[in-house]
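Undergrad: If you want the building blocks of each chain, they are given just below.
Protein chains: 2
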Amino acid sequence: MERARIGLLGYGTVGSNVYRLLERERSQILEATGVDLEVVGIAELNTSKHGVGAPRELFSTDAGAVIARPDVDIVVELVGGVETAFMLVHTALSSGKSVVTANKQLLANRGGPLFELAKEKGRQIRFEASVAGAVPIIKVMRESMIAADLHTVYGIVNGTTNYILTAMYAGEGDYASTLAQAQRLGYAEADPTDDVSGGDAAAKMAILASIAFKSRVTLADVRYEGIDRITPADVQYAKDFGYVIKLVGAARLVEGRVNVHVSPALVPEGHPLAAISGSYNAVLMQGHSIDEIMLSGPGAGGVQTSSAVISDIVSIVSTKTAGFLQNCSCYRHLDFCPDDELESAFFIRAQVEDRAGVLSQISSVFGEHDVSIESMIQKGHGEQAELVFVTHPTKEHNATAALRAVESLACVRGSTMAIRVL
Amino acid sequence: MERARIGLLGYGTVGSNVYRLLERERSQILEATGVDLEVVGIAELNTSKHGVGAPRELFSTDAGAVIARPDVDIVVELVGGVETAFMLVHTALSSGKSVVTANKQLLANRGGPLFELAKEKGRQIRFEASVAGAVPIIKVMRESMIAADLHTVYGIVNGTTNYILTAMYAGEGDYASTLAQAQRLGYAEADPTDDVSGGDAAAKMAILASIAFKSRVTLADVRYEGIDRITPADVQYAKDFGYVIKLVGAARLVEGRVNVHVSPALVPEGHPLAAISGSYNAVLMQGHSIDEIMLSGPGAGGVQTSSAVISDIVSIVSTKTAGFLQNCSCYRHLDFCPDDELESAFFIRAQVEDRAGVLSQISSVFGEHDVSIESMIQKGHGEQAELVFVTHPTKEHNATAALRAVESLACVRGSTMAIRVL
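Note that the protein sequences, when read in sequence, are chains C and V.
Our numbering puts the first residue of the first sequence at 16, with every later residue one more than the last.
Our numbering puts the first residue of the second sequence at 16, with every later residue one more than the last.
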């Protein structure tokens with residue numbers, strides 16, 4: 016029997032669920048794996064939570080003291096934020112403890128030095144819960160895809176925006192009202208900025224890209240766009256063309272360089288991502304040795320996230336040598352490829368004057384920029400006239416230049432809307 | 016650096032791909048994981064393969080000699096069959112070597128004693144490639160789902176039958192002609208019996224059930240049915256009702272007992288399994304702590320299977336303690352629940368006389384057996400008249416009894432067709 020004695024930092028939704036789930040599953044986990052898991056200390060600043068669901072004597076307000084306990088082998092960091100968490104994880108690793116964290120912002124912003132420290136100290140950082148909740152995408156990429164020669168990882172990694180887009184697709188309202196509905200039902204935070212801006216998804220994609228390509232990608236390397244500009248009209252037009260709008264994160268190797276971005280995208284109706292609804296997440300991996308593998312499931316939730324935290328603890332206890340797999344081994348440095356050089360089809364919506372010749376003017380501008388149109392719908396008339404196109408794939412810098420030129424035409428009112436097609 | 020020296024038993028499609036992929040990825044795997052993988056001996060009876068793609072001096076016709084080499088740490092069994100493979104794996108474990116195998120029939124029929132021996136010897140058996148090719152369902156279930164409290168595992172685990180059913184759904188022919196097409200394209204064996212009978216899927220479900228529920232399930236415990244009785248008419252009627260016919264394997268905990276079966280099933284069009292096409296596989300796991308997680312990807316293929324074999328080798332070298340996770344730890348014994356006691360809706364097709372009163376006669380027989388009808392289509396007339404029903408969920412023994420009674424009616428010609436609804 017191996018024993019893992021755990022110091023829990025943070026006793027919010029996830030922390031309290033980790034404690035409860037561990038208590039419930041402890042004997043089964045011991046039987047199945049030979050590992051006995053025990054929480055020996057809990058740090059929580061909010062003293063009103065002390066003693067709730069766990070014995071009062073386990074609690075302390077001093078995270079440093081919990082980390083320093085000689086009987087703590089593994090520190091579970093669930094306090095959130097970047098700076099405080101960095102300090103706590105740094106202290107834990109420096110004191111020779113391994114760490115489990117669900118903190119994607121910590122890893123995406125300052126993961127590099129922590130992984131280096133872990134390697135130096137011969138300790139592990141595991142972080143399954145940081146991306147896609149209970150879906151074991153981190154372990155699968157780090158361990159099972161070791162010979163897969165991955166070149167592309169993409170998917171839906173933010174549950175809040177997927178909930179909103181699913182509701183908009185079902186015709187339940189516009190961005191603002193479906194967001195409000197998501198907030199009422201607990202699928203969106205009171206301050207949803209990080210989710211709806213794409214920032215949360217970008218942090219997760221930085222983590223996934225670092226693992227897939229073995230080259231460090233930080234949040235600053237990821238271009239992202241959110242879903243707040245998506246209107247019910249965009250959703251409906253996309254549907255007319257046979258697409259579903261999703262917030263898609265994508266990490267690709269492009270001729271030896273790395274591109275990672277997050278943006279709304281039109282996903283064809285038959286594509287596996289089109290079927291991912293509500294707050295579910297899904298990640299697809301493509302590699303020369305595996306074709307395409309998809310993992311999907313609940314992207315968040317207290318119990319689901321706890322299940323991932325517990326599997327990380329068992330994995331730490333079961334892994335042989337420090338230096339092995341356990342760190343996010345970025346042994347090489349690849350350059351970045353700007354979005355401009357990517358090729359993609361685009362969905363474009365423009366408000367136009369309702370008169371003869373407008374379509375030919377616009378399509379000739381597209382043609383001058385090497386952008387050819389695959390399909391087109393004209394809707395409304397008079398002040399409301401709109402042209403909606405889907406282009407053939409083109410270099411993004413061509414599409415951008417064509418859009419600027421189209422917007423400068425006298426027959427086009429205001430700015431256009433452009434969304435990538437997956 | 017850790018070194019794994021590998022003895023390869025069998026140099027067919029998978030064996031030669033394992034060798035080639037290892038050579039190609041060796042330095043990257045070493046950089047990423049600190050594990051150096053080297054094939055030091057290959058056993059292959061067919062001497063015409065000796066020296067093809069690997070140095071001639073590695074080859075031998077004597078598997079026992081390769082296992083016995085003192086420099087071999089890990090034996091990769093790819094010879095297939097049950098008895099010979101059992102002997103080879105038994106010898107390897109007895110000599111203190113760990114084993115990687117892709118042999119589902121070996122594990123489903125005689126896995127128990129091998130897992131016991133591995134435990135006794137402190138060695139590992141890993142078998143990712145035995146179920147769903149490159150899709151890492153075994154590692155995910157054994158390691159990531161450790162706190163998930165799984166109660167249901169189900170999915171499409173045979174690529175050949177899914178290829179045939181996908182082609183039938185697309186209207187490309189009947190069972191015999193789409194099977195012939197699958198054989199021409201290499202998606203079905205010359206002797207497809209094990210695939211189309213459901214036997215292959217049943218062996219895989221026995222393996223998955225043993226891991227999910229920690230209680231040994233062997234092939235003999237799994238009731239299975241194949242797809243050879245499915246007609247284009249069934250596929251079309253199912254489509255009319257909004258369903259896709261798939262060969263579904265399901266393992267469930269039913270009030271503390273285990274039920275595992277494989278049969279054709281009507282899957283609703285919006286269900287994730289409905290979108291799994293061609294030779295792809297998909298497995299869904301449901302547990303109290305995770306809701307539902309799905310993994311999907313290519314179910315077979317030389318390169319894909321090799322990728323799984325190689326990840327198993329790295330996992331063996333990286334795992335700390337024998338006894339840990341690495342064996343299929345069946346620490347308890349659960350009873351089996353017969354299919355009869357399950358509840359399920361059914362699709363039922365019956366050829367009937369084309370005259371007044373037939374429908375009321377049949378529905379009254381159903382009613383007498385507590386089977387109520389949800390929807391019904393009548394097609395054709397005269398000699399060709401057919402009634403097609405979908406029932407509400409009912410105990411399977413009720414459905415079976417109702418069917419026997421219906422078949423004995425004078426107005427019903429021949430036997431009826433019944434297919435579970437997922």
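Treat the hints with care, since some could be wrong.
No copy is singled out in the list; a pair is fine if it fits within one copy or between any two copies.
[Claimed, not checked] Straight-line Cα separation of at most 30 Å, DSSO-like style, residue types lysine-lysine; simulated pairs:
#1 410 to 394
#2 136 to 335
#3 410 to 229
#4 335 to 64
#5 394 to 64
#6 254 to 136
These are calculated hints, taken from the structure and not from any lab test.
Undergrad: Now tell me, hint by hint, if it's right for this structure.
TA: Now for the hints, and whether the structure bears them out:
In the homo-oligomer, the alpha carbons of residue 410 and residue 394 lie at most 30 Å apart inside one protomer (27 Å), although the nearest pairing across protomers, at 53 Å, exceeds that limit. In this homomeric assembly, residue 136 and residue 335 come within 30 Å of each other (Cα to Cα) both inside a single copy, at 15 Å, and across copies, at 18 Å. Proximity of residue 410 and residue 229 under a CA criterion of 30 Å is satisfied intra-copy only: 27 Å inside one chain copy versus 53 Å between copies. Taking CA atoms no more than 30 Å apart as the test, residue 335 paired with residue 64 passes in neither setting, with 36 Å inside one copy and 37 Å between copies.
Taking the shortest Cα distances, residue 394 and residue 64 never come within 30 Å of each other, neither inside one copy (57 Å) nor across copies (65 Å). Taking the shortest Cα distances, residue 254 and residue 136 never come within 30 Å of each other, neither inside one copy (53 Å) nor across copies (59 Å).
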